Amino acid sequence: MALLAFVITISLMLVVVIVVVYAERKVAAFMQDRLGPTEAGPYGTLQPLLDVLKLLQKEDIIPAAADKKLFAVAPILIFAAVFAGFAVIPLSPTLVPAGVGIGVFYLLAIISLDVIGLLMAGWGSNNKYAMLGAMRSVAQIVSYEIPAGLALLSVVMICQSLDFQEISYQQGVLMNAFPGLEQEQNWLFGIRSLGFETTTVGGLTTWNIFRAPVLLVAFIVYFIASLAECNRAPFDIPEAESELVAGFHVEYSGFRFATFFLAEYAMMVLVCLVAVILFLGSWNTPLPNIGPIALANWTTGAPGGIASVVWGGFWLISKTLVLLFVQLWARWTYPRLRVDQLMHLCWKVLTPISIGLVLLAGLWRLLMI
Amino acid sequence: MSVVKHKVGFRDVVKSLVSGARLTLHHFLHADKRRKPVYISDESYFEQKEGLVTLTYPYEALPVPDKGRYRLHNEIDDCIVCDLCAKVCPVNCITIESVKATEDIGVTSDGTKKRLYAPTFDIDMAKCCYCGLCTTVCPTDCLTMTPVYDFPEVDIKNMVYHFTDLSPEQAQEKKQLLEKQQEEMAAAKAAALAARKQQG
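Residue numbers (our numbering), protein chains in the order written: chain E, 1 to 369; chain W, 1001 to 1200.
Calculated from the structure, these hints are not laboratory results. Since the model is a prediction, treat every value here as computed from it, not as a measurement. Some hints here could point you the wrong way.
With a Cα cut of at most 25 angstroms, we get these calculated DMTMM-like pairs of lysine to aspartate or glutamate [claimed, not checked]:
#, chain 1, residue 1, chain 2, residue 2
1, W, 1033, E, 39
2, W, 1049, E, 33
3, W, 1033, E, 59
4, W, 1114, W, 1169
Chain E is faced by these chain W residues, among others (derived, beta-carbon under 7 angstroms) [said to hold, decoys possible]:
#, residue
5, 1027
6, 1028
7, 1053
Glycine included, each C-beta is placed from N, C-alpha and C at the ideal position.
Make a model of the complete structure from these sequences and hints.
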């Protein structure tokens, strides 16, 4: 079972990463009025695969003055840290690789390991650009973990759980099917005194951002912070091509570089998955039950059945792809921030907002019971 | 003079972020339209303001102007080997060698009588500066510029275009014929001179 979960997760991750790499090039091209890849396969769809093949054939160069052990371990550590995060991601009502009760906490902890890998790569390369990139990267990721963590904390306070699967069940029509939640009820905007129960309505109305509208702000804070955490534009100072060549992985080539590349895109997918699970209804359908038209029930399936696995996977992946598109959209729209602007945004804007959100989320929870 | 106000408020920041995002989304949503490879005289040339601008070059290309100056071509059948082009060429990229014909070799398509063979008519396209002077001086209009502009070569020697229609053997034969004729004429002249001397 563990092996099966491993295989499913890694193949799913690879497929999504390949799709995102292809989408990145096409979206970038279309936003800049270009064509993007057109030659490799129909509409250039084989481009990412061929890129990987090219990388695998390249010479594996280790600089003579590099710290060879750190240099060799860094890409593996980074990828392992990101991939380990996928272990707690529920893919459907019944399919979750590791149903850990403290999933959110585990995820935040394991992703932080990433920082050590970045620093190892930057230091081990013995290159000033790599070192600068790694230091910027670490400073940025450590800073942005605070607003991101606080935004997740407000979700945890609303949901009263650290279990991704439990949080997922709370955001849909299947809520009462989860052991321990049989008596729970959902209210419109989470305000019980409005007297409008949405437990059986499901759909959009029970997503966390509607169940407790305060989480809509938390979602935006988390999304901005997550862009910074995976070194994406407009927060790509660690990799700033125009000033640092490529940041911490400037000395890497061939398979090792491919590992970094994979880890970076896997990280993008992971932060989007977390955003979807915690804010946008996880694997739940966006269509609500409206009276006799039980759209939510039809597009959910009975838990345990094949239909629920397929629908769950479909909704989760499609919502994630939408968020990933927003990430690409932001990258090809906004210019890079300066270091001081980056720190200003983190410490003087996002952190105070997210502290306020935690307080508000606590108060909102009182309205829900 | 108006002073541009530096906008830093939350509202202004959000406004500018949204307007930027709308701009790129607009381009993304119009990616189904594409620029067509039409000439500037086409009515739709300036109407294609939206959509992708890239042309997939080897498969589609913008047409070139009728009077554009690109690769030279010499129609050797119409060439009278007058050497004007080689003389006017500012970069000396045309090499011509001529051999007088011993017999009648016909006329060009515009009726000019041909009197010379061209054992060598080479144009070095790598040296050519595409000024078009040679085509203006050409009396029979056999040297023209074609719309072909894409002719890269791996070996630079291949950039020298040979336009002669004579094989080296044929060229040798024509040269020998000419020498023979000249010898005969010289002999005839000498004979005539000797005869006159005897008489006088």
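Comparing the hints with the structure gives:
{"no.": "1", "hint": "W:1033 / E:39", "verdict": "holds (19 angstroms)"}
{"no.": "2", "hint": "W:1049 / E:33", "verdict": "holds (11 angstroms)"}
{"no.": "3", "hint": "W:1033 / E:59", "verdict": "violated (41 angstroms)"}
{"no.": "4", "hint": "W:1114 / W:1169", "verdict": "holds (21 angstroms)"}
{"no.": "5", "hint": "1027", "verdict": "holds (5 angstroms)"}
{"no.": "6", "hint": "1028", "verdict": "holds (5 angstroms)"}
{"no.": "7", "hint": "1053", "verdict": "holds (5 angstroms)"}
Checked against the numbered hints listed earlier, the structure breaks hint 3 alone; every other hint is satisfied.
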